[in-house]
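Protein chains in written order, with this note's numbering: chain W, 13 to 379; chain X, 13 to 379.
Any given hint could turn out to be false.
No farther apart than 25 angstroms at their CA atoms in a straight line, the calculated lysine-lysine pairs in the BS3-like style are these [to be verified]:
| hint | chain 1 | residue 1 | chain 2 | residue 2 |
| --- | --- | --- | --- | --- |
| 1 | X | K327 | X | K364 |
| 2 | W | K93 | X | K93 |
| 3 | W | K364 | W | K350 |
| 4 | W | K162 | X | K93 |
| 5 | W | K93 | W | K162 |
| 6 | X | K162 | W | K93 |
| 7 | W | K327 | W | K364 |
| 8 | X | K292 | X | K349 |
| 9 | W | K292 | W | K364 |
Everything labelled a hint here was simulated from the structure, so no lab data went into it.
Protein chains: 2
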Amino acid sequence: MLELTLDLGPRTYPIKIAAGLLRSPELPAQIRGAQALVVTNQTIAPLYLDPVLKTLATAGIDADSLTLPDGEQHKTLATLKTIFDQLIARHHHRDTTLIALGGGVIGDLTGFAAACYQRGVRFIQLPTTLLAQVDSSVGGKTAVNHPHGKNLIGAFHQPAAVLIDPDTLATLPPREYAAGLAEVIKYGLIADADFFEWLEQNMPGLLTRHPPLIAHAIATSCHTKAQIVAADETEQNRRALLNLGHTFGHAIEAAQNYRHWLHGEAVAAGLVLAARLSTKLGHLSQTGDPIQRITHLLAQANLPTALPPEIPPTKILNHMHLDKKVQSGQLHLVLLKKIGQAFTTPNFDPQKLIETLQEPQPTKNLP
Amino acid sequence: MLELTLDLGPRTYPIKIAAGLLRSPELPAQIRGAQALVVTNQTIAPLYLDPVLKTLATAGIDADSLTLPDGEQHKTLATLKTIFDQLIARHHHRDTTLIALGGGVIGDLTGFAAACYQRGVRFIQLPTTLLAQVDSSVGGKTAVNHPHGKNLIGAFHQPAAVLIDPDTLATLPPREYAAGLAEVIKYGLIADADFFEWLEQNMPGLLTRHPPLIAHAIATSCHTKAQIVAADETEQNRRALLNLGHTFGHAIEAAQNYRHWLHGEAVAAGLVLAARLSTKLGHLSQTGDPIQRITHLLAQANLPTALPPEIPPTKILNHMHLDKKVQSGQLHLVLLKKIGQAFTTPNFDPQKLIETLQEPQPTKNLP
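In isolation and in its complexed conformation, chain W is listed as follows:
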């Protein structure tokens, strides 16, 4: 078993990575009281709910479960209320534990419910998608969406443990697997040039889902995320680096009404746009052709590397400004100095942003 620690003083917790973790005593060992509620969705429940409930029952924990409909469109206050209803109907106390069994949507919903139920109860992340395993399950960001914006209502509420069972990736559709790889590649770009090189060498093996390669990719990604979150839990500064590619990505998702590309796919295109803008602004040297390397690696992972052709660049720009208006009042960009070193800046020439969005992009815009 690989084990990392997210060091947050009294909120420090372990991130454990091992095949079969869903079925191991590590899971009940993380529960303190006699109650638990497993929250999952209709896609994951037939695959993994029974093993999880059985693992808990073997340890004497008679857990309740709640199976939600699958999809980002259900990440709402209304769905959150169904979790509270279930907790209250089943008389869950302050010492209950919520268990998020699923991808990012389930983790965000369950974590936010845990943040608010009786002003905060314990919760455990059991992420079942690559994206959740390398990114959303770690760091304590929980939220629901508002009709006018993603993650506008939420809390910082750290899990008590993140238990990652890479065996669950065996059932993940290829497109979702690729979407998770976008976030993996992101960590290389932000802070770890060696890891980026490792990904360049091992992408074919990762695409065959070779277990030791997957475990290394997850552990390295979680290590970088844990370091950054430990330094800046509530995103006052450094944590914003994790949004590399996301300002573009969110705008793409919003322009598509969240209906076409997956989050990771939009981030992939966003990573290329961020790199191209970084070059245009003079931050990222063309020596070694970093844009070509980034584009090639993402394309190898079956990810888009350019804007969706059906969306006019002006629409993307409008969504970036709309997002900015609500989120922070100022458009902060995360840019690259080189592969392995990102930085944030509020100062940039807006004309260069427009040029980046408008210039022809001789690259893939899957799917």
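Given chain W, work out where chain X should sit, using these hints.
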């Protein structure tokens, strides 16, 4: 101006008490960004919204406002959503400040909205009822109700400041003023025998709302609350003392479907019941006749000192157990050792609780 500090490390904040504070530069001085949203209700808005908006405008802050319907029945997730809708419609950023202008319901709703909007923004309490000024505005407990229980969904989210303007009490209906006095008397019982004596000597003057007496009562109450919260922000142990009289009080409110007695009135009867049970269990000596003193002081303040006659004691008992089931799994009681010293215990003879509820109560059960 009286000024106290609630010492919570990075979340430390001032509690300021002064006539006219709503109209003073102290209010805009607590705002950091350029945005603010004042949340109030239909009763308070005609009285104090304009002065508050004017005070902010004078300092260059063009605040938005939201006026909610008045009443505990509106302390729901649905009302919370209207606050989020307004924040988003008006493009409030992460550096916005929410201002709660009203009583406990407005404070709890606004504080919880501030806890969740963009995962936490700044908020200021401007309490306008005695109950909010001495109790609910201090300490960071925020919540909404669920159809099956009060305050089941919420957060610990400390205000950036509590600004108490006792002038607002001039417009408070007598019954609500009395309800606030129940919490004031509670502080004497929990931790301050001298203050209890002072209240015995000054209740007639307090009932005439004599400003220096009110200011002393508010400051002393806030001082005790601040001490207890500083020692135990998230109610792991000592903070539970603040629930003296509340287990009984909540059961009375629930048995009445929250329709008859005010919260403070139910707490008043609960204080007498807690004292009587304390005596019956052998914790509170009858020397000096403390029950008579407590009953007399509450009755002087025009508060009930016995169960509502129309509610059968068995119904109260059922609600206490129902509350227990959801809240903590075990019925913890807050009891008295003497006037000025409360303690909590999970261990008591349940038969004594039943006797306490069932024995004839030769005392007032207003209103």
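Going down the list of hints, with the structure as the test:
In summary, the hint linking K327(X) to K364(X) is supported, as the alpha carbons are separated by about 16 angstroms, within the 25 angstroms threshold. In summary, the hint linking K93(W) to K93(X) is supported, as the alpha carbons are separated by about 12 angstroms, within the 25 angstroms threshold. Between K364(W) and K350(W), the direct Cα distance comes to roughly 19 angstroms. Compliance with the 25 angstroms bound is thereby established for this hinted pair. For the hint pairing K162(W) with K93(X), the CA-to-CA distance comes to about 15 angstroms; that is within 25 angstroms, so the pair holds.
Of the pairs offered as hints, the one joining K93(W) and K162(W) holds, with about 18 angstroms between alpha carbons and a cut-off of 25 angstroms not exceeded. Under the criterion of a C-alpha separation no larger than 25 angstroms, the hint pairing K162(X) with K93(W) is consistent with the structure, at around 15 angstroms. A threshold of 25 angstroms between alpha carbons decides the hint, and for K327(W) with K364(W) the separation of about 16 angstroms falls inside it, so the pair holds. Straight-line distance between C-alpha atoms of K292(X) and K349(X) comes to about 12 angstroms, which keeps the hinted pair within the 25 angstroms bound.
Proposed proximity of K292(W) and K364(W) is supported: the alpha carbons are some 7 angstroms apart, at most 25 angstroms.
Hint compliance for this structure: every hint is met.
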